[in-house]
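Working from the sequences, and respecting the hints, build out all of it.
Protein chains in written order, with numbering that gives the first Met the number 0: chain G, 0 to 327; chain U, 0 to 313; chain H, 0 to 327.
Misleading hints may appear alongside valid ones.
[As the list claims (entries may be wrong)] Simulated restraints, written as ranges between beta carbons of each label pair:
{"no.": "1", "chain 1": "G", "residue 1": "Asp287", "chain 2": "H", "residue 2": "Thr151", "range": "25 to 33 Å"}
{"no.": "2", "chain 1": "G", "residue 1": "Asp322", "chain 2": "H", "residue 2": "Ile174", "range": "43 to 51 Å"}
{"no.": "3", "chain 1": "H", "residue 1": "Thr254", "chain 2": "G", "residue 2": "Ala54", "range": "43 to 51 Å"}
{"no.": "4", "chain 1": "H", "residue 1": "Thr254", "chain 2": "G", "residue 2": "Asp322", "range": "18 to 26 Å"}
{"no.": "5", "chain 1": "G", "residue 1": "Asp68", "chain 2": "H", "residue 2": "Tyr170", "range": "24 to 32 Å"}
{"no.": "6", "chain 1": "U", "residue 1": "Asp70", "chain 2": "H", "residue 2": "Ile255", "range": "51 to 59 Å"}
{"no.": "7", "chain 1": "G", "residue 1": "Phe186", "chain 2": "H", "residue 2": "Ile255", "range": "34 to 42 Å"}
{"no.": "8", "chain 1": "U", "residue 1": "Ala29", "chain 2": "H", "residue 2": "Leu4", "range": "51 to 59 Å"}
No lab work stands behind these hints, which were simulated from the structure alone.
Note that CB positions come from ideal geometry on N, CA and C, so glycine has one too.
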Amino acid sequence: MSLSTEIPTVAPPPPTEVDVAGRSPGQLAWARLRRDRVAVISGGLLVFFLILAVAAPLVELLYGIGPYDQFQEKLRRSDGLPLGYAGGISREHWFGLEPGSGRDIFIRLVYGIRTSLFIAVMAALLTSLIGITLGILAGYLGGWVDSVISWLTDFALALPFLIFALAVMPTVELRFYGPRDEVPTWFRVAVLIAIFAAFGWTGMARLVRGQVISLREREFVEAARASGAGLGHMLFRQLLPNLWAPILVSFSLAVPAYVTGEAALSFLNIGIRDPTPDFGVMIFRSIDWLQGDPAYVFFPGVTIFALVLAFNLFGDALRDALDPKSSR
Amino acid sequence: MTLLRVEGLTKHFPVRGRGLVRAVDGIDFAVAAGETLGLVGESGCGKTTTGRMLVRLLEPTGGRIVFEGRDISHLGRRDLRLLRQDLQIIFQDPYASLNPRHTVGRIVAMPLEVNGIRPPGGVKQRVRELLELVGLNPEHYNRYPHEFSGGQRQRIGIARALALRPKLIVADEPVSALDVSIQAQVVNLLRGLQRDLGLAFVFIAHDLAVVRHFCQRVAVMYLGRIVEIGDREQIYERPRHPYTRALLSAVPEVTAPARANGRIRLAGDVPTPLDPPSGCRFRTRCWKARDVCATTEPALTNGVACHFPEGDDG
Amino acid sequence: MGRFLVKRLLSATLTLFAVSVLAFLMFFALPRDPVTGMCPKNCNPERLERVREELGLRDPKIEQYAAYMKGIFVGRDLGSAQGGRCDAPCLGYSYVNSEAVTDTLARVLPVTLSIVIPAAILWLALGVGLGMVSALKRGTWVDRLAIGFSLTGASLQLYFTGAVLLIVFVYQLKILPNPHYTSIFDDPVDWAKGLVLAWVALAFLFSAIYARLARAQMVETLSEDFVRTARAKGLARKAVYGRHALRAAITPLVTIAGLDVGAALGGTVITETTFGIQGLGRTAVYAVRGGDLPMIMATVLIAAVFVVLANVVVDLLYAAIDPRVRLR
Numbered sequence: 000m001s002l003s004t005e006i007p008t009v010a011p012p013p014p015t016e017v018d019v020a021g022r023s024p025g026q027l028a029w030a031r032l033r034r035d036r037v038a039v040i041s042g043g044l045l046v047f048f049l050i051l052a053v054a055a056p057l058v059e060l061l062y063g064i065g066p067y068d069q070f071q072e073k074l075r076r077s078d079g080l081p082l083g084y085a086g087g088i089s090r091e092h093w094f095g096l097e098p099g100s101g102r103d104i105f106i107r108l109v110y111g112i113r114t115s116l117f118i119a120v121m122a123a124l125l126t127s128l129i130g131i132t133l134g135i136l137a138g139y140l141g142g143w144v145d146s147v148i149s150w151l152t153d154f155a156l157a158l159p160f161l162i163f164a165l166a167v168m169p170t171v172e173l174r175f176y177g178p179r180d181e182v183p184t185w186f187r188v189a190v191l192i193a194i195f196a197a198f199g200w201t202g203m204a205r206l207v208r209g210q211v212i213s214l215r216e217r218e219f220v221e222a223a224r225a226s227g228a229g230l231g232h233m234l235f236r237q238l239l240p241n242l243w244a245p246i247l248v249s250f251s252l253a254v255p256a257y258v259t260g261e262a263a264l265s266f267l268n269i270g271i272r273d274p275t276p277d278f279g280v281m282i283f284r285s286i287d288w289l290q291g292d293p294a295y296v297f298f299p300g301v302t303i304f305a306l307v308l309a310f311n312l313f314g315d316a317l318r319d320a321l322d323p324k325s326s327r
Numbered sequence: 000m001t002l003l004r005v006e007g008l009t010k011h012f013p014v015r016g017r018g019l020v021r022a023v024d025g026i027d028f029a030v031a032a033g034e035t036l037g038l039v040g041e042s043g044c045g046k047t048t049t050g051r052m053l054v055r056l057l058e059p060t061g062g063r064i065v066f067e068g069r070d071i072s073h074l075g076r077r078d079l080r081l082l083r084q085d086l087q088i089i090f091q092d093p094y095a096s097l098n099p100r101h102t103v104g105r106i107v108a109m110p111l112e113v114n115g116i117r118p119p120g121g122v123k124q125r126v127r128e129l130l131e132l133v134g135l136n137p138e139h140y141n142r143y144p145h146e147f148s149g150g151q152r153q154r155i156g157i158a159r160a161l162a163l164r165p166k167l168i169v170a171d172e173p174v175s176a177l178d179v180s181i182q183a184q185v186v187n188l189l190r191g192l193q194r195d196l197g198l199a200f201v202f203i204a205h206d207l208a209v210v211r212h213f214c215q216r217v218a219v220m221y222l223g224r225i226v227e228i229g230d231r232e233q234i235y236e237r238p239r240h241p242y243t244r245a246l247l248s249a250v251p252e253v254t255a256p257a258r259a260n261g262r263i264r265l266a267g268d269v270p271t272p273l274d275p276p277s278g279c280r281f282r283t284r285c286w287k288a289r290d291v292c293a294t295t296e297p298a299l300t301n302g303v304a305c306h307f308p309e310g311d312d313g
Numbered sequence: 000m001g002r003f004l005v006k007r008l009l010s011a012t013l014t015l016f017a018v019s020v021l022a023f024l025m026f027f028a029l030p031r032d033p034v035t036g037m038c039p040k041n042c043n044p045e046r047l048e049r050v051r052e053e054l055g056l057r058d059p060k061i062e063q064y065a066a067y068m069k070g071i072f073v074g075r076d077l078g079s080a081q082g083g084r085c086d087a088p089c090l091g092y093s094y095v096n097s098e099a100v101t102d103t104l105a106r107v108l109p110v111t112l113s114i115v116i117p118a119a120i121l122w123l124a125l126g127v128g129l130g131m132v133s134a135l136k137r138g139t140w141v142d143r144l145a146i147g148f149s150l151t152g153a154s155l156q157l158y159f160t161g162a163v164l165l166i167v168f169v170y171q172l173k174i175l176p177n178p179h180y181t182s183i184f185d186d187p188v189d190w191a192k193g194l195v196l197a198w199v200a201l202a203f204l205f206s207a208i209y210a211r212l213a214r215a216q217m218v219e220t221l222s223e224d225f226v227r228t229a230r231a232k233g234l235a236r237k238a239v240y241g242r243h244a245l246r247a248a249i250t251p252l253v254t255i256a257g258l259d260v261g262a263a264l265g266g267t268v269i270t271e272t273t274f275g276i277q278g279l280g281r282t283a284v285y286a287v288r289g290g291d292l293p294m295i296m297a298t299v300l301i302a303a304v305f306v307v308l309a310n311v312v313v314d315l316l317y318a319a320i321d322p323r324v325r326l327r
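The structure is reproduced here in structure tokens:
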């Protein structure tokens with residue numbers, strides 16, 4: 000028996016070269032995010048809302064009631080309030096009925112999520128696209144390009160958003176449709192998205208510009224320049240990969256802002272109009288029924304609260320995961 | 000054979016409402032092929048600006064940079080691209096000089112990618128060779144910068160600079176951000192590369208100790224000017240400019256016996272390059288300064304720019 | 000400082016000028032016929048024609064704009080149907096309200112001021128206080144409670160909290176009258192009773208946001224070197240936190256507060272609509288619904304003036320506190 004049989008028990012395992020792939024900053028952030036309880040819960044809630052929005056017609060099929068179906072026979076003749084307790088909650092109508100119209104609140108909420116998320120996500124995408132482009136251009140090129148874009152940013156911030164949006168909506172509608180024409184919903188949706196984009200790009204542009212200016216002076220950018228890199232390589236290969244983190248965070252916080260904004264405009268009866276299912280429209284209608292049917296405001300109010308809260312929580316968690324230093 | 004020649008090189012930065020910062024104010028030097036020149040001075044003396052101009056990250060305000068007999072100081076974009084294959088730079092901060100979102104492989108391959116070069120055997124093979132050359136494990140190709148130490152990161156930066164097989168590398172304080180124990184390893188690596196590949200170096204440093212064992216020639220800068228330039232032995236054994244002596248006396252000597260005249264402490268701070276002193280720029284801190292120093296700027300003659308150089312007065 | 004002031008005022012003037020041009024283009028030049036928006040149904044054609052004539056809509060656009068601007072600065076003569084002479088800050092005549100626009104504004108501006116200013120005091124005190132306490136007691140249940148409050152508040156919608164407040168305090172408990180406006184000079188108690196719900200609703204939303212900001216700011220300041228140095232020097236906790244940290248933490252908050260107050264003055268649209276109080280915001284909504292062009296134009300301009308002025312004031316305050324700002 001030689002000594003060698005005993006040695007392996009104390010000798011360290013031979014050096015392995017298995018873990019050579021390394022973990023990218025993105026993968027590390029993902030791992031951190033998955034360990035964060037708040038992120039998992041709020042993310043789960045968001046996925047739930049998203050599925051609900053996408054699968055709204057399926058929900059309608061299973062539920063058996065459409066968003067435009069009216070149940071006038073279940074309303075009190077005298078004042079139009081739903082019969083039964085808490086706004087007419089029953090086995091058939093989980094969240095009760097709308098007073099006056101007698102439409103089912105639950106299915107209208109499901110479709111309302113669809114309307115709201117579609118507008119918010121599209122607006123966030125569009126603003127991000129514009130904001131990133133202009134921000135990178137301003138930050139990287141500097142000079143007069145920067146001056147012009149920065150002035151535009153300040154200008155857009157000086158416009159009182161709600162009042163301006165309020166005033167612009169009907170004007171635009173009037174431009175394309177006569178005062179007596181019926182304005183189709185898709186057109187209102189498109190105008191809403193366009194208004195959000197026109198006002199909303201400034202935040203992203205500012206953020207990206209600041210990031211680019213700080214990155215521009217970093218030595219790895221100079222290294223690329225010293226190797227003869229052109230503008231395209233600079234922007235897309237060197238800068239953009241370093242911008243994803245703040246862009247992602249900003250995007251995830253922009254969506255709830257647009258959900259809120261869309262609901263606010265519709266609440267003012269300027270954005271989406273009845274009968275299209277929408278949070279803002281429902282709350283707008285509910286204000287007139289507060290005294291007789293307090294339950295009517297409750298469901299859309301709580302749903303939009305849950306949606307926005309989930310987005311905000313997830314956005315915060317994402318920020319912490321992408322930039323561990325920022326967390327307390 | 001002269002590889003690089005610099006004549007009257009100048010860089011002025013305008014500061015809004017307050018005139019010009021004369022970061023580099025007319026300097027001359029030359030570097031032969033395969034030679035190493037040290038560029039030494041305190042922070043703010045213009046050495047980094049000089050390095051950035053040599054690789055044309057900054058456009059000179061005046062003067063000429065002649066590389067292989069060609070004036071490159073105002074080359075256009077296309078010619079610059081070709082030039083950059085011969086002239087590369089290593090940066091000071093190994094944490095800022097590597098793109099944190101790129102793998103080591105991508106970082107080192109970047110100069111090849113940018114210039115559309117496909118080396119025989121493939122990019123990957125070439126990157127592996129480069130990593131091996133700078134003493135890194137070639138299997139770490141797919142790792143990210145954050146997984147490496149400062150010294151290893153600096154090696155990655157060196158590998159990147161070598162990717163295009165340049166003739167001259169500007170090393171901008173390549174070791175000053177590193178631990179002292181690591182500094183020697185990186186300097187030794189650069190020495191080995193210089194010897195094996197016949198590279199020329201302009202090695203920028205803020206103290207004379209680091210360049211001593213690496214540079215054949217040394218230039219000392221002060222407030223945008225070269226105050227003394229010469230061979231290693233000359234600078235370290237027989238310094239003639241008072242500023243060089245002051246810098247040398249600040250280098251801690253462990254082995255050599257303490258110098259007779261002890262340590263020279265310079266009075267005051269470096270004056271602002273916005274408004275440099277008249278005549279000799281060093282006069283405000285010089286213990287030998289006389290009236291003439293305030294009126295006439297000493298020219299760089301016989302490698303020293305001083306009215307009263309050491310050795311002349313016995 | 001003087002130069003900075005002049006520069007800042009110049010750029011503010013330029014911004015306002017640009018807003019006025021944009022607004023003019025949007026509302027007077029973009030619609031096919033601005034007047035048709037004013038009476039969508041069964042309007043007397045002769046009356047329309049007269050209105051067109053009186054508003055000068057047949058003149059070239061530039062002349063119309065010049066006349067409008069001239070009215071603001073030196074006054075102008077409107078037709079006899081519009082009340083004849085219209086003095087210096089002349090914003091035109093509203094056919095819908097049958098009075099000069101400035102008269103309407105003089106009536107509704109005090110309402111909006113009465114809503115925003117007390118609410119702002121409330122939200123600043125509440126938000127900053129809560130943020131400070133939660134930063135100092137970091138990690139305790141107090142902190143967690145405050146974080147929960149601010150997350151909830153920031154995700155709630157004004158119209159929803161408003162509706163809940165109305166249901167609870169006005170319709171159910173009946174301890175408050177229906178929201179309304181009385182001048183503070185006539186009856187201060189009734190003034191407060193009529194507006195308190197609006198203050199609370201606004202303050203709830205904004206204090207949540209401010210608590211969050213104040214906490215983050217304070218946590219960051221507390222970890223900075225100068226605070227630790229002050230602590231290490233042996234200064235008492237109270238002195239350090241009170242004198243050093245609070246000031247450093249509060250400065251950025253002042254900026255945001257200034258901008259928010261400016262924006263709120265320009266548009267408490269949602270608050271006023273929810274509670275049915277006739278201020279500037281609700282006037283804007285009515286003007287938009289009624290197609291009242293001169294009124295729309297005026298509310299947009301006034302709101303922009305508030306936002307831009309708030310920006311200037313904040314910048315000047317900042318420049319006074321931090322001299323480096325002036326160099327930019």
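Item to check | Thr151/H and Asp287/G - C-beta distance against the hinted 25 to 33 Å | outcome: holds, 27 Å
Item to check | Verdict for Ala29/U, Leu4/H (Cβ pair) under range 51 to 59 Å | outcome: Between Ala29/U and Leu4/H, where Cβ atoms are some 54 Å apart, the hint holds.
Checklist entry - Is it true that Asp70/U and Ile255/H lie within 51 to 59 Å of each other by Cβ? => result Holds, at about 54 Å.
Item to check | C-beta pair Thr254/H, Ala54/G: status relative to the range 43 to 51 Å that was hinted | outcome: holds, 44 Å
Checklist entry - When you take the CB atoms of Thr254/H and Asp322/G, is the distance between them in 18 to 26 Å? => result holds, 23 Å
Checklist entry - Quick one: are Asp322/G and Ile174/H within 43 to 51 Å, going by C-beta? => result holds, 48 Å
Next on the checklist: I want to verify a distance hint. Is the separation of the beta carbons of Asp68/G and Tyr170/H within 24 to 32 Å?
Outcome noted: For Asp68/G and Tyr170/H the Cβ distance comes to about 29 Å; the hint holds.
Checklist entry - Between Phe186/G and Ile255/H, does the C-beta distance stay in 34 to 42 Å? => result holds, 36 Å
When the structure is compared with the earlier hints, no violation turns up for any of them.
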